[in-house]
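Asks: Chains as they are written, first to last, in my numbering: chain A, 1 to 194; chain B, 1001 to 1423.
Keep in mind the hints are simulated off the structure, nothing from the lab.
We treat Cβ as the ideally placed atom computed from N, Cα and C, and that holds for glycine.
The reader is advised that the hints may include incorrect statements.
With a Cα cut of at most 35 Å, we get these calculated DSBU-like pairs of lysine-lysine [stated by the list, open to error]:
#: 1; chain 1: B; residue 1: K1076; chain 2: B; residue 2: K1090
#: 2; chain 1: B; residue 1: K1046; chain 2: A; residue 2: K179
#: 3; chain 1: A; residue 1: K160; chain 2: A; residue 2: K179
#: 4; chain 1: B; residue 1: K1046; chain 2: A; residue 2: K161
Derived list of chain B stretches under chain A, where covered just means 3 residues or more per stretch with a C-beta under 8 Å from a C-beta of chain A [stated by the list, open to error]:
#: 5; stretch: 1068-1081
#: 6; stretch: 1117-1130
#: 7; stretch: 1135-1149
#: 8; stretch: 1188-1197
#: 9; stretch: 1316-1330
#: 10; stretch: 1367-1375
Computed far set for chain B versus chain A, every beta-carbon distance over 10 Å [unchecked claim]:
#: 11; residue: N1091
#: 12; residue: G1093
#: 13; residue: K1099
#: 14; residue: E1274
#: 15; residue: V1295
#: 16; residue: E1311
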Amino acid sequence: MQSFKKIKTIITPLDKVNVDTDQIVPKQFLKLVQKSGFGKFLFYNWRYDDQEHLKSDFILNDPTYKNSKILVAGDNFGCGSSREHAVWALQDYGFSVIIAPSFADIFYSNCFKNGILPIMLDDKIVEKLQQETGEIEVDLENQIIKTISEKISFDIDSHKKKILLEGLDDISQTLLYEKEISEFEKHSKIPSVL
Amino acid sequence: MNITEKILARASGRPRVTPGDVIFANVDKVMMHDVSGPGVIKVFDKLKKQGVNVDKLWDPTKVWVAEDHFVPSPDKVSAENIVKLSNFTKNYGIEKHFKYGMGQYGICHTLSHEEALVLPGDVYVGGDSHTNTTGALGSFACGLGHTDVAYVLLNGKIWFKVPETLYFKLNGKLPEHVMAKDFILKIIGDISTEGGAYKTMQFGGSGINEMSVESRLTLCNMTTEAGAKNGIVEPDQKVIDYLTSRGATNISLVVGDDDAEYEKIYEYEGSEMEPIVAKPFSPENISIVREAPSVELDKSYIGSCTGAKYEDLQAAAKILKGRKVKIRTEILPASISIYKRAMENGLLKIFLDAGATVGPPTCGACCGAHMGVLAKDEICISTTNRNFPGRMGHVDSQTYLSSPLVAAASAVTGKITDPRDLN
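If we strip away everything but chain A, and leave its shape as in the complex, we get (with noise of 0.2 Å):
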């Protein structure tokens, strides 16, 4: 998995809330196994018409957002199935960051799998970023995120930052405490009625 340490661009606004994995990626898509190339199909039925050119007003076929690699959405971000491909085609498209208020449960968890960085962050401060123009810096390490105008400070589980920082995802963190986890085992007591 790619580390993630720092970034800066101009942010995309998707002023959306609940926008759920159907939305990300509609499920004609869920058979396709392979990691890359999910991006062609992120946010597709809002990016495309029926006769599959791209729709206009729809932000993402903006031209300025063309290198932004920072989403910044609404409320309960990720809702729905827990299809790892949403956040795959996140990342195949280019974005690296998410930040909303909120998140689902799953799709949170699976972004630190797949190298990307979710961000959660009081409602005022994420309506606030959505009007940003220029390029803001998100800096993991420091837990920061750096506008024109201020400097917003973000948290985060420092087991999953080290994961990003480090590009570890779970099961190779983990084996590399294989024995220290089989010492442990051995002492545990399980109780056996509770």
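Please arrange chain B on chain A, whose structure you already have, making use of the hints.
Replies: Chain B in isolation, oriented as in the chain A frame:
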């Protein structure tokens, strides 16, 4: 501790856990299907390239596999995924692979209870968000992404943060025309689609004690739509009888302590509950059926892990008996075992006599995959669980979520109909 905390404490070898604790829990059962399975296989391939040993699973007897989303295969890619899945289960010695067209098969969340694959007190994870369903048996059941499922397959363990619990107390039985589906839609309407985010939603009270196991499954199934980590009901004699009749042995019940703590308690009076629909495009967008918009429906769909258990088919049959459908009506039993019972007990004849069509078990059009997806501007009433834009087909189609009673009554009139208002 409440039931969820007790299960997680036992699974992590701790005398006690409290909400917010991060634990490393032993998993008892794990499931994947024909969408998450090929995803997991992909993760395995990647790990192998990184030098991780993926030759053996932690315990193939604790793993089971369902073919449900894209069966019968609508195209070549889906067919290849099924082959891939079959090769995987063969190579890793997974015997519990429920294959389409070979005896019992069906939707994964239906097999979990129909086949007694999960027992009370188990920690059960699956590569599907509606894994929450099975918490109705008194287990800790939750969905995971592909990478997490791959991790569990190799290690038999997974990290959890112990969730806070919201307790939903139902006082007294639901009226005859109201089903568990109406109750859970009402709850989602009240707390919103993120009201349960990373929380446990536990159901209890006299109304839940009175409820069948299948109704409790409907409640836990849709805790997913409220964003919950898991849904759960404390198991009782009904659960023991249900699982024993399906071959389970050595059932031991875990229940909460008398001084169990809950973040919040919500109370509902059974007698006050009404038939509910969730209007497009969110399960929280609810309305009492009698106050629902008067739209011309194109289709009634009775299917999925949420709304095609035996009891759901019985409810539909009660309405459709001796009546005719006015709109396209598709009924897809959630598993072969349910299909068979429906046949033996005359339900299928009632459906066919009413003019409905009966399809094979599959997730089918619930996830918009195949088997009756919606066209542009079509409007469907459905016993399924989600009505996001495009969920069941074209992005400009619309889905109203309802109980099987309401979906059947609406099939008869062509409009959203309260079962009490049928002639």
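Asks: For every hint, state whether the structure bears it out.
Replies: To see whether the hints hold, each was checked on the structure:
1. K1076(B) with K1090(B): Holds: K1076(B) and K1090(B) sit about 21 Å apart, inside 35 Å.
2. K1046(B) with K179(A): Answer holds: K1046(B) to K179(A) is near 23 Å, not above 35 Å.
3. K160(A) with K179(A): 22 Å, holds
4. K1046(B) with K161(A): 22 Å, holds
5. 1068-1081: Answer holds; 6 residues pass the 8 Å Cβ test.
6. 1117-1130: holds (count 3)
7. 1135-1149: holds (count 6)
8. 1188-1197: holds (count 3)
9. 1316-1330: violated (count 0)
10. 1367-1375: Our answer is that it holds, as 3 residues pass the Cβ test (under 8 Å) against chain A, meeting three.
11. N1091: 17 Å, holds
12. G1093: Answer for G1093(B): holds, closest chain A Cβ roughly 21 Å.
13. K1099: At about 17 Å from chain A, K1099(B) clears the 10 Å cut-off, so the statement holds.
14. E1274: 25 Å, holds
15. V1295: 22 Å, holds
16. E1311: 25 Å, holds
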